[in-house]
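Chemist: Sequence:
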Amino acid sequence: MSAAETTAATPPATIDPIMTEVIYNQVLGAAEEMGTALARTAYSPNIKQRFDFSTAVLGLDGEVLAQAPRIPIHLGSMIGSVRELVRTRPLETLRAGDMFLANDPYNGGGQHLPDINVMAPVFFEDTPVAFVANIAHHADVGGMLAGSEAIACKTIFQEGIRFPTVQLMRQGELVEDILSIVALNSRTPDERRGDLLAQIAANQVGSRRVTECVAKFGAAATLGALTSYMNATETRFRAVLAGIPDGTATVEDFLDPDVYAPDRPVPIRLTLEKRGTDIFLDFSGSAAQLQSARNVPLGALHSTIYSVLKMLLDPGLAANSGYFRAIHITSPEGSVLNPNVGAAVGARALPCAVIGDVVARTISELVPERALAGCGPHHQIIFSGDRDQPGQFWVNYETYAGALGARPYKDGVDAIRVHASGSSNLPVEALEQSYPLLIEEYALNPASAGEGQYRGGAGIVRSYRALADMRVTLAAERQTVPARGLAGGADGQPGTFILNPGTTGEEILYSALGEREIRAGEVISVHTPGAGGYGPKTARVSATKAGGRPGRDT
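Last residue of the sequence shown: number 566 in our numbering, and the count goes up by one each step with no gaps.
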């Protein structure tokens, strides 16, 4: 079978639904096994213990066939990287054992520079049949500040090393030069080398499993079943849309003020139209691109929308490109949600939480029974310092769970990643073993939850004592503009960073802080935002007295 014939494989006239499920789940299993291999072989705590990565199997056209349930915001990134790969390197030039690396949002299909994509074509009998790919967040890829995603960056050139699609493996042989370039540009070269080798290993696992599937069922049957499954995913999602009345909703929310224009509002404006079995999202009227690193490239915008619509409208929907076909997204060039080439985008995940709230609120207007109040997004601290030997550094990248908004029938969820965010909090034991930090408090913050008939979720408090001199870089949203309540519910409490809380030296730290010196013995505490409530608080009391179902009563 030629490459052209393989690419054009179509499902048989009569589809066997059982065999289609068997083949799809075997391919999904390959993606999940890739994730297990990556976590077990990675070097850095951010990948090994926080699981800040995703794995997927993609078609030769770059469409996602199956993605393991890891980080929602990565959903669109690997699509862009594989499409950029096949645009620059035709399929007939690829060979078994080849792998490619990319991270640039403008030339490599990435979202921000710390997320490095590694892609590999999968061959069967000398013919490419698919791609396997993984994306992993590296704690430091250079740039002017440790962690490579400080809000203070004004251009992408300050954020770290950029890669278009470059070859990392050539017919099974490692291209050492690429690995050396990545390592040399990072403050933590040993971690970068170890993590990239883990990404290579994960793709090798995925490639073997997909090849085994094709060998077992045949190329035409395998690719036909995967095509059928994507078509079925599209059909299922369109059926959900068909059950929603046609209509249009326009919603506006705001990012926290920008570090370089603190008096200027940063609106995120969305007009969502549901028409027939399609849904249209137009972000015209949103702010112009920012001078800081809170711009959102299109890949991140699309990923956020795909994940939020799936969550709200059909959580059980398969994570593949089939349902993307019913979603149509418009965002003007030069805006904060589609910046021009060169704009800084390192902190793009934080505005994506506000984008998720805007999408959820428009759905709440069109489908009130699926309403979701505003959510508390994650917060971020990057700790860095010098090791005992000259020229040796350490970098600890951490993000902290916020809270899910209340719904018309249930309280929000405490201490959870929301919308497109999905990595874990770093376990205390792993943190204290790896870095000169001591956790003094790690708890829920009930006061942060928005009151209502159904309360919003509560954020967390996590406090660190520095055991050595170090530097911190901070990033957050919802420290000025709170997560909104719905239907009379109260807003959630904004988040904050506090240095030396409860002492005479207590200081509120700015949420877009560049590197700040922290001395040994000092404490920094992060309070993540709470989520909005749903319905008036008085209805909660009435429901309790009447024996109704008010949700959490404490």
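Simulated from the structure, these hints should not be mistaken for lab results. Keep in mind that the hints are not guaranteed to be accurate.
[Said to hold, decoys possible] Derived CB-CB ranges, DEER-like:
hint, residue 1, residue 2, range
1, P274, G500, 46 to 56 angstroms
2, Q445, G526, 52 to 62 angstroms
3, Q303, A532, 28 to 38 angstroms
4, D481, V440, 52 to 62 angstroms
5, R95, A459, 30 to 40 angstroms
6, E519, P402, 29 to 39 angstroms
7, Q445, T260, 47 to 57 angstroms
8, G517, V187, 49 to 59 angstroms
9, G297, A232, 44 to 54 angstroms
10, L450, R52, 25 to 35 angstroms
11, V440, P274, 47 to 57 angstroms
No residue lacks a Cβ here, since even glycine has one placed at the ideal position from N, Cα and C.
Chemist: Against each hint, give a clear statement of whether it holds in the structure.
Modeler: Hints versus structure:
For P274 and G500, the Cβ-Cβ distance of about 31 angstroms falls outside the hinted range of 46 to 56 angstroms, so the restraint is violated. Distance hint check: the CB atoms of Q445 and G526 are about 28 angstroms apart, inconsistent with the given range 52 to 62 angstroms. Checking the proposed 28 to 38 angstroms range against Q303 and A532 shows it holds: the Cβ atoms sit about 34 angstroms from each other. With their beta carbons about 22 angstroms apart, D481 and V440 fall outside the hinted range of 52 to 62 angstroms.
Against the hinted window of 30 to 40 angstroms, the Cβ-Cβ separation of R95 and A459 comes to about 46 angstroms, which falls outside the hint. Checking the proposed 29 to 39 angstroms range against E519 and P402 shows it holds: the Cβ atoms sit about 31 angstroms from each other. Our hint of 47 to 57 angstroms for Q445 and T260 holds, since their Cβ atoms are close to 53 angstroms apart. The hinted range of 49 to 59 angstroms is satisfied by G517 and V187, whose Cβ atoms lie roughly 51 angstroms apart.
About 48 angstroms separates the C-beta atoms of G297 and A232, a value consistent with the hinted range of 44 to 54 angstroms. Under the hint 25 to 35 angstroms, the C-beta atoms of L450 and R52, about 28 angstroms apart, fit the expected range. Hint check: V440 to P274, Cβ distance near 35 angstroms, so the stated range 47 to 57 angstroms is violated.
When each numbered hint is compared with the structure, violations occur for hints 1, 2, 4, 5, 11.
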